[in-house]
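Since chain A is already given, all that's left is putting chain B on it; use the hints.
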Amino acid sequence: MPKEYRTIQEVAGPLMMVKSVENVKYDELGEIELSNGEVRRCKVLEIEDDNALVQLFESSTGINLSNSKVRFLGRSMELGVSEDMLGRVFDGLGRTIDNGPEILPDERRDINGLPMNPAARAYPSEFIQTGVSAIDGLNTLVRGQKLPIFSASGLPHAQLAAQIARQAKVRGTDEQFAVVFAAMGITFEEANFFIESFRETGAIDRTVLFINLANDPAVERISTPKMALTAAEYLAFEKGMHVLVILTDITNYADALREVSAARKEVPGRRGYPGYMYTDLATMYERAGRQRGKDGSITMIPILSMPEDDITHPIPDLTGYITEGQIILSRELYRKGLTPPINVLPSLSRLKDKGIGKGKTREDHAATMNQLFAAYARGKDAKELMVILGEAALSETDLIYAKFADAFEEKYISQGYEADRSIEETLEIGWDLLRILPRSELKRINDAMLDKYYEKK
Amino acid sequence: MSTGRIKKVAGPLVIAGGMRDANMFDVVRVSDQRLIGEIIEMHGDEASIQVYEETSGLGPGEPVVSTDAPLSVELGPGLIGAIYDGIQRPLNGIMELTNSNNLSRGIDIASLDRKAVWEFVPTVAVGDEVENGDIIGTVQETPSVVQKIMVPYGICGTVKEIKAGSFTVEETVCVVATKDGDKELSMMQKWPVRRGRPYKEKLPPAQPLVTGQRVVDAFFPIAKGGVAAVPGPFGSGKTVIQHQLAKWAEADIVVYIGCGERGNEMTDVLSEFPELKDPKTGESLMMRTVLIANTSDMPVAAREASIYTGITIAEYFRDMGYSVALMADSTSRWAEALREMSGRLEEMPGEEGYPAYLGSRLAQFYERAGHVISLGKEGREGQLSAIGAVSPPGGDISEPVSQATLRIVKVFWGLDAELAHQRHFPAINWLTSYSLYIDSMGKWFDEHVSPEWMTIRQHLMSLLQEEASLNEIVKMVGMDALSPTDRLKMEAARSIREDFLHQNSFDEVDTYTSLQKQMNMMKLVYAFYEQSAEALTKGAAISDLIAMESRERIGRYKYTLEANIQAEYDKISGELAAEIANLIGKEER
Chain A
0 MPKEYRTIQE VAGPLMMVKS VENVKYDELG EIELSNGEVR RCKVLEIEDD NALVQLFESS
60 TGINLSNSKV RFLGRSMELG VSEDMLGRVF DGLGRTIDNG PEILPDERRD INGLPMNPAA
120 RAYPSEFIQT GVSAIDGLNT LVRGQKLPIF SASGLPHAQL AAQIARQAKV RGTDEQFAVV
180 FAAMGITFEE ANFFIESFRE TGAIDRTVLF INLANDPAVE RISTPKMALT AAEYLAFEKG
240 MHVLVILTDI TNYADALREV SAARKEVPGR RGYPGYMYTD LATMYERAGR QRGKDGSITM
300 IPILSMPEDD ITHPIPDLTG YITEGQIILS RELYRKGLTP PINVLPSLSR LKDKGIGKGK
360 TREDHAATMN QLFAAYARGK DAKELMVILG EAALSETDLI YAKFADAFEE KYISQGYEAD
420 RSIEETLEIG WDLLRILPRS ELKRINDAML DKYYEKK
Chain B
0 MSTGRIKKVA GPLVIAGGMR DANMFDVVRV SDQRLIGEII EMHGDEASIQ VYEETSGLGP
60 GEPVVSTDAP LSVELGPGLI GAIYDGIQRP LNGIMELTNS NNLSRGIDIA SLDRKAVWEF
120 VPTVAVGDEV ENGDIIGTVQ ETPSVVQKIM VPYGICGTVK EIKAGSFTVE ETVCVVATKD
180 GDKELSMMQK WPVRRGRPYK EKLPPAQPLV TGQRVVDAFF PIAKGGVAAV PGPFGSGKTV
240 IQHQLAKWAE ADIVVYIGCG ERGNEMTDVL SEFPELKDPK TGESLMMRTV LIANTSDMPV
300 AAREASIYTG ITIAEYFRDM GYSVALMADS TSRWAEALRE MSGRLEEMPG EEGYPAYLGS
360 RLAQFYERAG HVISLGKEGR EGQLSAIGAV SPPGGDISEP VSQATLRIVK VFWGLDAELA
420 HQRHFPAINW LTSYSLYIDS MGKWFDEHVS PEWMTIRQHL MSLLQEEASL NEIVKMVGMD
480 ALSPTDRLKM EAARSIREDF LHQNSFDEVD TYTSLQKQMN MMKLVYAFYE QSAEALTKGA
540 AISDLIAMES RERIGRYKYT LEANIQAEYD KISGELAAEI ANLIGKEER
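Chains A and B, in that order, are what the protein sequence lines are. For the first sequence, the positions run 0 to 456 when numbering that gives the first Met the number 0 is used. For the second sequence, the positions run 0 to 588 when numbering that gives the first Met the number 0 is used.
One or more hints might be untrue.
Unchecked claim - Quick list of in silico lysine to any residue cross-link-like pairs, SDA-like style, CA-CA up to 25 Å: (1) A:K2 with B:A9; (2) A:K238 with A:R107; (3) B:K182 with B:V125; (4) A:K382 with B:Q421; (5) B:K376 with B:P197; (6) A:K382 with B:D485; (7) B:K7 with A:A261.
These aren't lab readings, by the way, just hints derived from the structure by calculation.
Next comes chain A alone, as it looks inside the complex:
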C-alpha cells in the first residue's frame, strides 16, 4: 500500500503542491482521494527536495487541503492494452464508458511511449486509396504517413475524415484498417457523427474510441491522444494491424497544454502557448510510421481547426513543420458548394513521391499531378485578373486556363462525400481536364506520355 499524504499545500487551476513527500519521482502517477471516497488522478510535474508539484487530470472541484489524501503509485501513467479494445469506447483516461466488461489487459504500457529509433523506421511508400481525387491524385496518402487536415470552424472536416476512414484501402490487399479515434474537446454531436458513421459501415467492430467531450475536464485532453496512440502502437507493432489514427481536435489539445503552462507561470512562447509545444506535438505525431521487420503501420490523420482561418497561428504552424504535409480546407470553396472543399494548392503530401508512379499507381501520375497543379495555379491567377479587368483583358491562352480552373474545381475536386473513386478514375478525370489545354502548354509531361494518354480519345 503506497504511503498517503494529507499535505496538499496549495491548489491553483490544474496544479497542486504536495509537501513532505518521500521517494516521489518525476512524472509519477498519483491519486487523490476526496473525503467522499472519490478518486482522481494526477501526475508529478516537478519535484524539488520533498515538495512535489502535481498536475491534475480532472477537475479540482471538491479538493480539500486538510482532508483530501494523495497517494503516489510508483509508476507513470499507463494503459492496459489488448486486442479486445477493438469495438470499445473509452474516456480520455482510458476507462471504459460503454457499460461493457472491463478490458483484461495483455500488458500495461506507459502512455508516453518511447521514441522510435530513426534507424529502425521503414520509409512509408504504400499508396492508400482514399477514393477522394484531391487526395489520391494530388496529395497522395501513404501507409505510415501523418497527414493532418487543416480546417476551421464551420467547415466539413468531420465529413471528410469519416469518408477517408470509410474508404481507405491499400490496393491489392483486402486487409482493412483498424481505426483508433481520439476525440479531444469536441461536441457530443460531432463525436456522435463519427460513431454513427463507423456503425453504419460496420467499421465500429475494428475501431477503438477514446472520447473526451467538450464538457469533460480540459486537462484530461492532454492524456487522451497519448492513450489512443498507445493503443494504436500495440495494435500496429504487436498485433501487425494497419491502424488509421484520427485525432480531433488538436486545437483543443493545444489549448489544454497552454492552460497547464499558464498555471505553472512558464515563460510563454507565441500567443501564450508554451515554448515546448513543438516538442510536445512532435512526440505525439512522430508515433506514426512504419518499422523495419514489423507488419503493421500507424497512419495518422490529425484534424485541427485554425483559429480565425489563420494558417500562421502556432497550432497549424508547428503541426505543419512536423507532419508530412497537410490537407487544407477552404472557406471560399465551401461557399461555392464544393464537396469536399479541399484547397489543393497549399495542400501537400510530402511522402507522395515514393507512393506513386509505375507499379504503385500509374506511370503518368507524377507528371499529370505537377501539370494539374501548375495549370490550376495559372487558371486561378487568370480568374483573379478577370475579376479586376474583365474578360476582355485576358489573352486567349489565359481564357483557356480560366476555363480549366473552373472545370477542375467542379469535376476534380468536388465529388461529394459518398463517391469512392478509384485512382484510374481520378487520373482519367485529370486527363479529360488537361485536354482543355493545347498540347504545347503541357510542359511538365514528356512526349511519350502525351502520345499515350493525351492523344487517346
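For chain B alone, coordinates are given in the frame of chain A:
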C-alpha cells in the same frame, strides 16, 4: 570524481547538490540508470544539469556522478556511413544492443566500433619529427574516403615506433617520444564538442561549392568554406533542398544533421543515399556521408548538443584537408531546445522567450565553418561549408532566430510559400535571396566555365527584376496594355523561371545539372530574348515570336542527358535562329 545527489527534477533539467568539485560542462551520469547529462550551471555546490535522456522516474536523493570530462566525440575510422544520435551514440548499434525498434534509456555504447579492424598504412618512419596535425598514416575507410590519422593536438616529438597492418581503433599504432615522455597514439582521438578544433590560419573562401542546383550555382552561389541559411515556411521545400545539396554538392565529406525534424526524413536519407552514385567518384553517396539524427521525438537536450557533435566531426575531416559540407536541418529546433532549457533555468528571456545569448551561440556555431590551413607541417587546406535551415513560425523571418542567422550568413536562400504552391521548385525567391560571394566567385565561373557566365547571369537577373515591376502594371491594366517589348520581357522572364530556374529534384536527369549545361541553358533562354527583341525592331509580330516551336525545345532542354548537351544545344540554337529569321522575312514578304 565527485558524486552528488538529485535535489530537483523538472523535465530535462535536474539540479543536484554536493557537486562543488565538478567542472562546468562536465558530463555526468544521473541516477542508477546512468542517464547522460551535462552541467550547464553551478551555484555553490548545486549543479544544474541538462539530461540528454527522458527523465521520467527520477527523484530526489538519487546519485549523480561526474565523469570529469566535457561532452566529447570520438574521431577515427568508422565515422563514415554511420548514423548517430545527438551525442554520438550509433543508432544501428543501439538497435542491435537492445533488440528493439524504440530507444530506451541509459544505453552505454561506444561511438566507434571497438571490434572493427582497419588497415593502417603508415606514412612516417621511426626518427621522423612530428607535431600536432601531422599525418602519421592512412586508412582506406570507404572506397571514396581515405581517413588520415593525425597526431592529436598538443603532441610534438619524435616517432619512436610505428606499426603497419590491421588494428582496432584503440590499439596503439605509433609511439611518439615527447619532452613529457612517450605518448602512445591509436587511430582514435577525442575532442570536446563545444570547442572548435584548432587550425593554423583562416583564409577567405576562394572557390564555389558546386551543387548542380541551377538557382544556387548560377544565381546565389555558396563558397567552399562559406555559410548559408535557408529559411522558409513549412512545405516550401527546405528539407528537399538540404537533401539535394547533401546529394550533389561537390564535397568530399557530407555531415547531415537532422536536428529536431521528422524521423522519416532520416529514413529517407538512409534508404536513398546508398543507392545514389556520387557524380565525382562513382561510389555510393553513403560512402562519404555521416548522419546525426536527433528527431523531434527524441530528448530535447540532446538536440541542443547535436549540432556541436556534427560540426566537430566535420572539422575533423576538414583538418585532413577535405572539403566538407555540413547541413543542419533545422537550426530553429536547436534554438527552441535552447529556449526550453533557458526557461527551465528561469533565465530572463529575450525576444519571444529565446535566451538573450541566442545570437552569440548561433554566431559561434556558424563561425566554425571556413576555409583553413590546418595544423601540421604540410599546411593542408580544408574547407567546411555550413548550410543551416531555419523554420520561422508562419514563414515570417522577422523572428529572432532568422534575424540572428541573417546577421551571420553570407548566402540567403529565401524560400517562398507562394512559389511552392505553384509547385515551382526549388522555391527560392530570386528577388529576396542574395549571395555575398557572387563577386568573388564570379571570376571563378568566368575563368572555369565560360567568360559569359557573369554577364548572362546579370541579364537574366535584370529581366526577372523587370518582370516584377511589369507584373504590377499587368495586375492593374492587363497584359494587352503592355508594349510588344514589355510583353517579350514578360515571356522571357517566364522562360527563365520555367525553363531554367524550375528544377525537378525527382527527375533522374534534372536533379543534377553540370555547370556547362547550366551555361548552355542560360544562353538558350537569353538567346530567345535577345534575338526576339531584335526581330521585334525589324517588324516581327510578338504573337508569332511567342508561339515559336523552338521555345518548347528550350523548355525540354533540361531533360537532355549530360553526354548530349552540346549537340542538342547547337541544334536548338540553330532552329531558334532559323525560326526568327523566317519571322522577320514573313513581315517583309
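Comparing the hints with the structure gives:
no.: 1; hint: A:K2 with B:A9; verdict: holds, 23 Å
no.: 2; hint: A:K238 with A:R107; verdict: holds, 15 Å
no.: 3; hint: B:K182 with B:V125; verdict: holds, 14 Å
no.: 4; hint: A:K382 with B:Q421; verdict: holds, 15 Å
no.: 5; hint: B:K376 with B:P197; verdict: holds, 14 Å
no.: 6; hint: A:K382 with B:D485; verdict: holds, 22 Å
no.: 7; hint: B:K7 with A:A261; verdict: holds, 21 Å
Consistency with the previously given hints is maintained throughout, with no hint failing.
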